[in-house]
Amino acid sequence: MGWETWVIATFSRTLAYGTPLLLGTLGEIYAERSGVLNLGIEGMMIMGAYSAFAIAYTTGNPWLGILTAAVVGGAFSLIHAFASITLKANQVVSGLALTMLGLGLSGVLGRGWEGKPLPAPLGKITVPVLSDIPVLGPILFDGQNMIVYLTILLVPLLWYILYRTRIGITIRSVGENPATADSLGINVGRVRYLCVVVGGILAGVAGGYLSVAYRPAWTEGMTAGMGWIVIALTIFAFWNPAIGMLGAYLFAALYHLSFRLQPWVSPELLRAMPYAFAIVVLIAVSRGTLQKRMGAPAALTLPYTRGEG
Amino acid sequence: MRAPKWLKIERRPVPSGRTIFTVSILAILAALVVAGIFFQAYGVSAIRAYQLIVKGALGSKLGLAETVRRAIPLLLCGVGLTIAFRALFWNIGAEGQLLLGAVAAAGVALFSGLPDVLLLPAMFIAGFLAGALWGLIPAALKARLGINDVITTLMMNYIAIYLVEWLIHGPWKGTQMRGFAYTDKFPSAAMLPLIPGTRIHWPTLVLGLVLAVAAYILITRIRQGFEIRVVGENPDAARFAGISHLKTTLLVMFISGGLAGLAGVGEMAGIHGMLRSATQISMGYGYTAIIVAWLARRNPLAVIVTSLLFGVIMAGGDVIKVSLGLPFQLINLFNGLILFFLIGSELLMHYRISFSFGRR
Amino acid sequence: MKTKVALIGVVALALIFGLSALTVAKEYVPGEPLKAGFIYVGPIGDYGWSHAHNTARLICEDIFPWLETVYIESVPEGEVEGYIDKLIQNENCDVVFTTSFGFIDGTFAAAQRYPDRIFGHCSGFLRVPNEMTYMADFYQIYYLNGLIAGALTKTNKIAYVGAFPIPELKRHIGAYTIGAREVNPEAEVHVRWIEAWYDPTAAKEAAEALVAEGCDAFAFTEDSPTVVQVAAEHELPSFGHYSPMYQFSPEYCVSGQLVHWEAIYLDCLAKVYAGVYTAHNLENLDYWWLLREEAVEMGAKPGMLINPDYEDALKAVTVDDPVLGTISVYDLVMARLTQMTDPSMIFDPFSGPITDREGNLRVPVGSRMSVAELTTMEWAVDGVVGPWPGEP
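Chains as they are written, first to last, in the numbering used here: chain A, 1 to 309; chain B, 1 to 360; chain C, 1 to 392.
Please keep in mind that the hints were generated in silico from the structure rather than gathered at the bench.
Please read all numbers here as calculations on a predicted model, not as lab measurements.
There's no promise every hint is true.
Claimed, not checked - List of simulated lysine-lysine pairs, DSSO-like, C-alpha gap at most 27 Å:
id, chain 1, residue 1, chain 2, residue 2
1, C, K271, A, K116
2, B, K55, C, K315
3, A, K124, C, K157
4, C, K301, C, K315
5, C, K271, B, K61
6, B, K185, B, K173
7, A, K124, C, K154
8, C, K315, C, K26
9, C, K26, C, K157
10, C, K157, C, K35
11, C, K301, B, K61
12, B, K55, C, K157
13, C, K35, C, K315
14, C, K26, C, K154
15, C, K35, C, K154
As the list claims (entries may be wrong) - Examples of chain B residues lying across from chain A (beta carbon under 8 Å, computed):
id, residue
16, M155
17, Y158
18, E165
19, G170
20, G179
21, N332
22, G344
C-beta: ideal position from N, C-alpha, C; glycine also.
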């Protein structure tokens, strides 16, 4: 009994908590692959969380909430896209500004929405038969929701697009060498806009997941720094969706365990563990040539103007 | 990319300081016009609101003092960050480095037993070294193992937060606060003097101003400063010229972390007088300083201006909170708007910051 | 060049500030319109501590036509002094309430600087002629909730998610454990800390960790309804905290702790208005208000002491009490409630003998813990399981 409950609880919590992290990371990977750093994840997530809750509460339909979160996240990211791509503004400052804007706007609009229960949160799924499989059943097929599954499916899809399709080559070339891409007839600006918006949509959905599924309620600042973890996970993943999945779930597992293990280790030090562990993992994998091969997109944070690249 | 037709981009020589100033002011005004919509939406006349804000942040002794006081940690962290950013070391970790400075200051103030006259100098030295040490770890990891600086500096902020929590709940917990998680209060010799009638701990302010000048001289006049710039602007040339990437990286982070550490000492010895919960020590100064440093275009002297600008914004936020009784989140909203207009206007002055991180 | 200008500026500022001493002085005249300022540590949208104080502020403003109020939210501990300055100098407040323990030094310093204004510091212990302290405490309700949890648990593991390991929470957990063990001597209270007053994600995972540990009844001290929601998802009973949380779990929210800060604020402000409390006689005024004073209330929501769905279950479990005889837990809760609401407070959960979990006798037979002992309590009552930073 003992070890099984540990395994089941840890992994099923990993999926539940890791999902928003993974969604955000996947989106940021696409944005950064095209050469645009978006530090506004936190702002887009919280806007997604607020709008999803407001719509799900008003309509009684959580999926409509998630859809709204996607739209709002995408629309919000357009501000960053316009500033950093069209106006060639500094991406770091623009992203931070987007975070402030999101926290501010959601805080202002969200006044009065706290303390309201969501009549119909996103349902949990228990798959008959499959959920009876020992260990694996309770982890994967008992009590997770649809977004958890969709997010897992998104990983191979986004990986495939990035590495095995023309679209992927286009995105990566825009992020690596926009001048060459431009000379090949690729519209660098359009590709970057699209990737930033994809990032915004996924961040919005991640926020929506928090407010209508993970913890169905609205409170100010409820993303509580998750957006920053996403930024770190994107780098941790070497801009690869598959490693992103590994990183997000690893972080989530450690985060959950930091509460589970409290009887044995000081709670304050345990809370620092996931962050310290991220550094340790990076040190461990740095031995070798991995870093050089899978470094950041070369044109990340560099605006592109024809004739200057 | 192709510029939109309505936006004609002209190459201009580097704009004069005056152009930058004028355009920035216009951008802030434009942001205020947009922000005014929100005031009107809350039924507050925008004009009256701005009058109150100007009066509150600049027009009264109290407001002006608070503006300056808030600019102090931003100034110290911001100056340090300009140096790191010059070498393209992407230090997101000023927040954690500030906290380490605070921890070291508290350690010296409470447990060193030094004579009174030596206490404050020792706190500043220890704070500098602790912040520098916290900065050197990511620097060494990047220079030796190629580990990304954004991720390590960011993660070390969180580690610093929980280090503070551990200290105040565990080994350093004081006896004066009835079981609440604080250290004991510092002896009075460990507290900085204030400008009478205000809460400005002026020695830290003077230190910040002096160090801003020193950093400017370092970057523009001294060989190491030159090397820092070469490493940042042209890593290949740096390698060719035999400039040690390792040494330069360690140097910039020693300075950058150290200055953030000094900011932590100032907050401790100037305001708090005890170590308390990490989120109560720094109001995100280390993060705001990133914006301060970027708006200053990585020029340490310009940080004096940009840190004051943020001091004004924070003090203006107080007016929104106190006199207008509006949700405090409006402050974030306005900050975001002002920033967007400021950076958006950079195109107008055709001043482009090229920055790349993670490029090796 | 720029630096020179800046330095000259600093010197000039120093001169201006040095020359102009504080000149605001105006003492409140009883019967005049009164202005009160409230300083909150969190956002009023937190649905916890600051939300509750703000709700009380609005009630006061509604009831007293002569009262005007202002508030400032999300004020960091170290910044409070500057905000008090603003409330007094710009807003001309007669009374200032600071609603967090961490405001202790700033409030105290301001009280010295403005000797003609009245200050109230929530949960503190420093008092001077113009600064009083106040607290509405929940320990009695945690004890009552503990009685219920002890009767409902099947695994004998009861959960508690705490914000920070400080005396207030240690006292709450102690009372909760004493209650649970009175009904069920086998019961253990398992504790997890989230190291934040407000961090819904941490609260969620901490609660899930306790679910995984086999806990089956949940209480907490933290500023969000997260724990109630987690318990509901696992179909386990829970106790709301601070604000009404019944709506988040109508089936599983059994009871909870509700606060009525307005009880204290109304009393205090009325007495200031009447001239009973002035800036010269507050040095011994410490509101330590409990059930008896109706500053706190037990219930899943106002007026609902115990969720009706659980009445039968609680009536079915009986215990033998030396005084009350064989009695159902439901009746025991009601009896204790009456005893503690009684003007002479016939019963108190922290009555001896109580041993800590190391086996030391902390409260001897026949004695009760004093308010001072309760507000500095660091030890863990026997039956508490889990980390206990600062354990003596």
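Checked hints:
1. C/K271 <-> A/K116: With a Cα-Cα distance of about 36 Å, the restraint between C/K271 and A/K116 is violated, given a limit of 27 Å.
2. B/K55 <-> C/K315: Between B/K55 and C/K315 the Cα gap is close to 65 Å, so the pair fails against 27 Å, i.e. violated.
3. A/K124 <-> C/K157: With Cα atoms ~26 Å apart, A/K124 and C/K157 stay inside 27 Å; holds.
4. C/K301 <-> C/K315: This hinted pair holds, its Cα atoms lying about 21 Å apart.
5. C/K271 <-> B/K61: This hinted pair is violated, its Cα atoms lying about 34 Å apart.
6. B/K185 <-> B/K173: holds, 11 Å
7. A/K124 <-> C/K154: Between A/K124 and C/K154 the Cα gap is close to 25 Å, so the pair holds against 27 Å.
8. C/K315 <-> C/K26: violated, 59 Å
9. C/K26 <-> C/K157: Roughly 57 Å between the alpha carbons, so the hint for C/K26 and C/K157 is violated.
10. C/K157 <-> C/K35: violated, 49 Å
11. C/K301 <-> B/K61: violated, 47 Å
12. B/K55 <-> C/K157: Violated: B/K55 and C/K157 sit about 58 Å apart, past 27 Å.
13. C/K35 <-> C/K315: This hinted pair is violated, its Cα atoms lying about 49 Å apart.
14. C/K26 <-> C/K154: Distance ~62 Å between C/K26 and C/K154 Cα, so the pair is violated.
15. C/K35 <-> C/K154: With a Cα-Cα distance of about 53 Å, the restraint between C/K35 and C/K154 is violated, given a limit of 27 Å.
16. M155: Hint holds; B/M155 Cβ to chain A Cβ min 4 Å, cut 8 Å.
17. Y158: Because about 4 Å separates B/Y158 from the closest Cβ in chain A, which is inside the 8 Å limit, the hint holds.
18. E165: Holds. Min distance 4 Å.
19. G170: holds, 7 Å
20. G179: violated, 16 Å
21. N332: At 3 Å from the nearest chain A Cβ, B/N332 passes the 8 Å test, so the hint holds.
22. G344: holds, 5 Å
Hint compliance for this structure: hints 1, 2, 5, 8, 9, 10, 11, 12, 13, 14, 15 and 20 are broken, all remaining hints hold.
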